[in-house]
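J.: Given chain A, put chains B, C and D with the ligands in place with the hints provided.
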Amino acid sequence: MTAQADAEILSVRRDGPYWQMSFAAPGIADGFRPGHFVAIAVDDAHILRRAFSIRSASTKAGGALQIIVSPKGPGTKWLVERRPGDLINVIAPLGKPFRLPTEPVPCVLVGGGYGVAPLFELASQLRARGCPVEIIVGAGDAQRLYGVVEARRVSDAVHVTTDDGSAGEHGRVTDPLRRILAGGHPAVYACGPMGMLQAVSEVSAEFGAVAQCAVEESMACGIGVCMTCVLPVIGDDGVTRMVRSCTEGPVFFGDRVRWSEVGTVPADTLGAPEPRDD
Amino acid sequence: MTAQADAEILSVRRDGPYWQMSFAAPGIADGFRPGHFVAIAVDDAHILRRAFSIRSASTKAGGALQIIVSPKGPGTKWLVERRPGDLINVIAPLGKPFRLPTEPVPCVLVGGGYGVAPLFELASQLRARGCPVEIIVGAGDAQRLYGVVEARRVSDAVHVTTDDGSAGEHGRVTDPLRRILAGGHPAVYACGPMGMLQAVSEVSAEFGAVAQCAVEESMACGIGVCMTCVLPVIGDDGVTRMVRSCTEGPVFFGDRVRWSEVGTVPADTLGAPEPRDD
Amino acid sequence: MTDPRVTLGGVDFAGPAFTASGCAAAGRELAGFFDLTEIGGVVTKSIMLRPRSGRPTPRMVETPSGMLNSIGLQGPGIESFLENDLAWLTDHGVTAVVSIAGETVDEFAQLARILRNEPAVKAIEVNISCPNVESRGQVFACEVMSASSVIHQVRRNISSDVPIFAKLTPDVTSIAEIALACHNAGADGLSVMNTTLGMAIDPDTLRPILGGVTGGLSGPAIRPMAVRCVWQIHQVLPDVPILGMGGIANGEDALQFIAAGASAVSVGTMTFHDPSAPVRVQRELLGLLDERGFTTVADAVGIAHRGGLT
Amino acid sequence: MTDPRVTLGGVDFAGPAFTASGCAAAGRELAGFFDLTEIGGVVTKSIMLRPRSGRPTPRMVETPSGMLNSIGLQGPGIESFLENDLAWLTDHGVTAVVSIAGETVDEFAQLARILRNEPAVKAIEVNISCPNVESRGQVFACEVMSASSVIHQVRRNISSDVPIFAKLTPDVTSIAEIALACHNAGADGLSVMNTTLGMAIDPDTLRPILGGVTGGLSGPAIRPMAVRCVWQIHQVLPDVPILGMGGIANGEDALQFIAAGASAVSVGTMTFHDPSAPVRVQRELLGLLDERGFTTVADAVGIAHRGGLT
Ligand SMILES: Cc1cc2nc3c(=O)[nH]c(=O)nc-3n(C[C@H](O)[C@H](O)[C@H](O)COP(=O)(O)OP(=O)(O)OC[C@H]3O[C@@H](n4cnc5c(N)ncnc54)[C@H](O)[C@@H]3O)c2cc1C
Ligand SMILES: Cc1cc2nc3c(=O)[nH]c(=O)nc-3n(C[C@H](O)[C@H](O)[C@H](O)COP(=O)(O)OP(=O)(O)OC[C@H]3O[C@@H](n4cnc5c(N)ncnc54)[C@H](O)[C@@H]3O)c2cc1C
Ligand SMILES: Cc1cc2nc3c(=O)[nH]c(=O)nc-3n(C[C@H](O)[C@H](O)[C@H](O)COP(=O)(O)O)c2cc1C
Ligand SMILES: Cc1cc2nc3c(=O)[nH]c(=O)nc-3n(C[C@H](O)[C@H](O)[C@H](O)COP(=O)(O)O)c2cc1C
Ligand code: FES
Ligand code: FES
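Chains as they are written, first to last, in our numbering: chain A, 1 to 278; chain B, 279 to 556; chain C, 557 to 866; chain D, 867 to 1176.
The shape of chain A in the complex, shown without the other chains (with noise of 0.2 Å):
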């Protein structure tokens, strides 16, 4: 199902500080849930591809895929400077999705900056099977929001927070969260920084919830070869593994990730160095 592509890119449009593309993905758009990410390959000098979260898929035209791009280092900067016409190699779709609840239950879904990116097209889902949506979009301050009017356009309710105070609700994606599972028995849903996601990680436990959340690991391969985009994971035998967030995850559920020990290997990991007098 996941296939490589020469996709021709359909469009590239600046938001702010995002860009939104689309690129033609024949075969590709079909298999797409939200969750799922593509890896793309940028210019000659730089050898590893760039993952981004898939924001929507249409199946017209053959079939095509949106991401949001926050250019930031060259890959993604080459990126955006793409145009119409030009091809891109994809690959796609990766990763384990957001599981969608069976029943009709009420969701929240949090997105920290670009990490709405693939909320929306959750909501639309969750609400198709009746589930009641509500989404928080966060950001450090109002330039960096992404997708608020798309957000209301796909979701029951919209709450905004800045870090700043500069749009919305001045504080973090965690206080609407908290009052929202105060006042019911949601299904958690949150994509953005890891800072964000174990925020809302023990803001849910605190309430009972288990939130899903799509990480953010630096990845060389994207498909599950290297080994480079591992965090700490508890089993469901109890153990903790350094667990492939590119075909585990990118989501998981927060409790079974161990936020604070992300970027160390904790001593009780399966296989960890046994404490040594060097």
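A portion of the hints provided could be inaccurate.
[Claimed, not checked] Straight-line C-alpha distance at most 20 Å; calculated DMTMM-like pairs for lysine to aspartate or glutamate:
| no. | chain 1 | residue 1 | chain 2 | residue 2 |
| --- | --- | --- | --- | --- |
| 1 | B | Lys350 | A | Asp44 |
| 2 | A | Lys72 | C | Asp760 |
| 3 | B | Lys350 | D | Asp1070 |
| 4 | A | Lys72 | D | Glu1118 |
| 5 | A | Lys72 | B | Asp322 |
| 6 | A | Lys96 | A | Asp236 |
[Claimed, not checked] Among chain D residues calculated to face chain B with C-beta under 7 Å, some are:
| no. | residue |
| --- | --- |
| 7 | Ala891 |
| 8 | Ser919 |
| 9 | Gly920 |
| 10 | Thr923 |
| 11 | Arg925 |
| 12 | Ile937 |
| 13 | Phe1138 |
| 14 | His1139 |
| 15 | Pro1141 |
[As the list claims (entries may be wrong)] Example chain B residues on the side facing chain A (calculated, C-beta under 10 Å, incomplete):
| no. | residue |
| --- | --- |
| 16 | Asp322 |
| 17 | His324 |
| 18 | Pro352 |
Hints in this document: simulated from the structure, not taken from any laboratory. We treat Cβ as the ideally placed atom computed from N, Cα and C, and that holds for glycine.
T.: Chains B, C and D with the ligands in isolation, oriented as in the chain A frame:
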């Protein structure tokens, strides 16, 4: 006088297997004399510059340079894909140009393939000094002939040869050269592949003439600091040295270059390794 | 058409290109991208006796035309490997070259004993480019004595039908010397080369980026170094098969290794760029060999030492 | 603003960036591109006792993010160097660090004696990464004994006011060991690193491309290796100045070297891309140091060993 600049591409035009490019070169174009070359930085994946003979310079609109590019490897292919408005980083003018006669002597200019590039402007300057000019244009086949029409415009007579006889005379540039040399004592100028330069030098010598030859050696820096572009050249003192073609050339007197030993270090070169038993 | 088959240490392989250890996991993830039975085989990620967590993240840094990694040999341990990974390869008819790694000479010996009863193991790559805990953490392949002991122990403990390839590090004063020692100790072939040690520092924090501080540099950046290593080893051991690797991105790159003396090649880092790189490289290589008139891959091996094409 | 001045082996230099030996000839050709007195100094192309023709062409191959060269130490010999090149540098007020190379230990000693009377020589870089004709052509810096003898002889024959820097090759099992030996033999500092040995084969002729068969790999491709070498040496010799180099293209790259333990940097191959790279790198480096609150370059030296910025 030599300067480095981000130059705006003004035009890129295909002409058979070659591409003619021109770019703005404020302050650079003034110093141009035929035989000079320009070193152009290409894409990020390639750190070395590419060298091109300057075909002509115009001083209009702040100055512009023209070159002829034969796409071969990644750098030249990248270059011909540039579009007007793109910027390329150039260093020019580089090298020692052709020396012009002080008397209005007859001149014969020999160009092979894109090697004719510097000859048009040379012809014009020679004619401006009252020198009658004939140009010999050669190539492997008709396809790879360059600039025959332009050559006619700037000279008194043009001779065309191809190795396979697909255009002009069937044979080598040395065939018409030999006839011309037999009929007079012209100054000889040549630019093209090393084999051709060697042949031109040898035929000239037969008739007691000395050809000025613009050589093409693989260059890493183009400005005299790396010592990659050397060839064995006999100095005024009769001693052979490995001489930089970027700063002491690209134009050399044909009788000074040890053509058949290019690619070796002749045993009597200054500082040549002593023969060893191992 | 050039015959794709190659023989390495007495064993036949379907083609001259392999995956590189650690760049293809145990093959399964690549099966969606190309037919694994078309290439010479899958060289599996170096496996150790026990499960191993590997190093903390970040485990990689992109560098000019290459990357650094400090995975730290993460893996499930030999038992789980046999049960899940090797079994999958066998079930799918994929040729398995099993890479093993240990922290002590004895661990290598134990791994060899465990593998001796596995008919699916076509060949063994002995990754001696990993740290030797018995000797100041220096890697085994840094020193003639430790490299030889490992190879000797593996050779003693495995059937003589199974060729063993010693995987060498370039980070030594004379790689030819280590290669000779490994061959004398019983290596049927040499895998050349592993990554070279490198490092990157974050310009903002001014701290090493990698969780492991230093890491292995791989990719096209190091290709000229790898071609040189193959050349130097083939010079002293012209009859010993070399599995060449280091920055191979296409058929021309692979051809350089073959001409320098490799009998086959592995494709590593470039698989991250293009998951079907191993089979693409193989097809391109065979096409180039064919164009140059070679009927077998073996005919081109080391040809650069014999004056090249004439 | 960060003070650009640095002190290396007791001598003051105007800035932390230098040219790299062999990548700037003797400076003159770069004078048209930037003011040579702004940088720390020009490290001249390694000079030998007698004129030397160097290797046949082709002398270079472009490689991914780097290049191979086999120049073979072409140069006019020390006499002509003093008369023409050093004189030009003196006349133009440019700080000269003279790189010397010999085929025997005695040639190094002779070069040192000739230079001892030259007040214009601010420091000497001893290129021990060249082949030792007395010892199977292995380079001096490959071995503790030969490296030490050269450094010892140069140190004995030159005034103690002139610091000497030993230029090391990365192609050794332990560069820290060679560095220690050189320091013990009298090197005031270490130039780290020279090129690493590499090779390329022409896919059409299937012969080595370089006239010298193998050549030195340089440029951004090898930067992670160079940063690692600097790191390893600073770890064992924290008080010895290191002139760091290998693939430096911009201020961020240079900052990596400083943080890893270099007291100053040299810019080599990237000068071919951008003739004013040395001064640009210096300006960018000083800008980055300033942004990070350093008042001197020295304050940032080796900071990655001390936990980085806090
Ligand atoms: C599952 C997933 C989904 C993502 N979704 C989006 C998205 O929708 N929009 C968006 O703008 N960005 C997204 N990212 C982050 C994006 O991949 C990085 O910003 C991008 O790879 C950085 O490339 P660069 O050339 O700008 O930076 P560089 O720093 O030059 O990248 C160097 C290398 O590091 C890797 N890398 C660096 N930062 C990251 C990172 N944060 N995550 C993964 N790899 C990284 C790159 O892939 C590359 O191999 C996502 C990452 C992951 C893992
Ligand atoms: C003085 C001079 C004038 C030239 N004039 C022209 C011209 O007018 N038109 C034209 O099309 N070409 C000209 N060339 C040749 C041109 O420089 C090369 O074809 C070009 O550099 C090849 O780059 P590439 O990326 O296509 O090939 P690659 O093979 O990828 O080049 C790799 C490296 O080798 C160097 N190199 C390769 N071939 C040559 C060569 N023949 N000469 C010098 N360096 C080389 C390149 O500069 C580069 O650094 C000239 C060369 C010189 C030295
Ligand atoms: C992420 C990564 C993991 C690796 N893991 C191993 C390993 O487990 N065992 C091993 O012998 N080599 C390992 N290598 C080295 C490769 O097998 C190969 O020797 C090296 O990367 C050079 O080839 P390349 O440039 O094609 O990648 C690893 C390389 C990378 C990039
Ligand atoms: C063309 C060329 C010639 C060189 N010549 C010398 C030399 O004569 N002496 C020396 O010590 N190093 C020499 N070097 C090595 C450089 O000084 C430097 O150590 C190496 O290239 C790594 O730095 P870089 O990547 O910035 O070039 C040379 C390098 C190149 C590319
Ligand atoms: S990115 Fe390679 S295993 Fe996940
Ligand atoms: S190209 Fe560098 S000296 Fe001529």
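J.: A separate judgement is required for each hint: does it hold in the structure or not?
T.: Here's how the hints hold up against the structure:
no., hint, in the structure
1, B:Lys350 - A:Asp44, "holds, 18 Å"
2, A:Lys72 - C:Asp760, "holds, 14 Å"
3, B:Lys350 - D:Asp1070, "holds, 14 Å"
4, A:Lys72 - D:Glu1118, "holds, 16 Å"
5, A:Lys72 - B:Asp322, "holds, 18 Å"
6, A:Lys96 - A:Asp236, "holds, 17 Å"
7, Ala891, "holds, 4 Å"
8, Ser919, "holds, 4 Å"
9, Gly920, "holds, 6 Å"
10, Thr923, "holds, 6 Å"
11, Arg925, "holds, 4 Å"
12, Ile937, "holds, 5 Å"
13, Phe1138, "holds, 4 Å"
14, His1139, "holds, 5 Å"
15, Pro1141, "holds, 6 Å"
16, Asp322, "holds, 4 Å"
17, His324, "holds, 9 Å"
18, Pro352, "holds, 8 Å"
Of the numbered hints given earlier, the model fails none.
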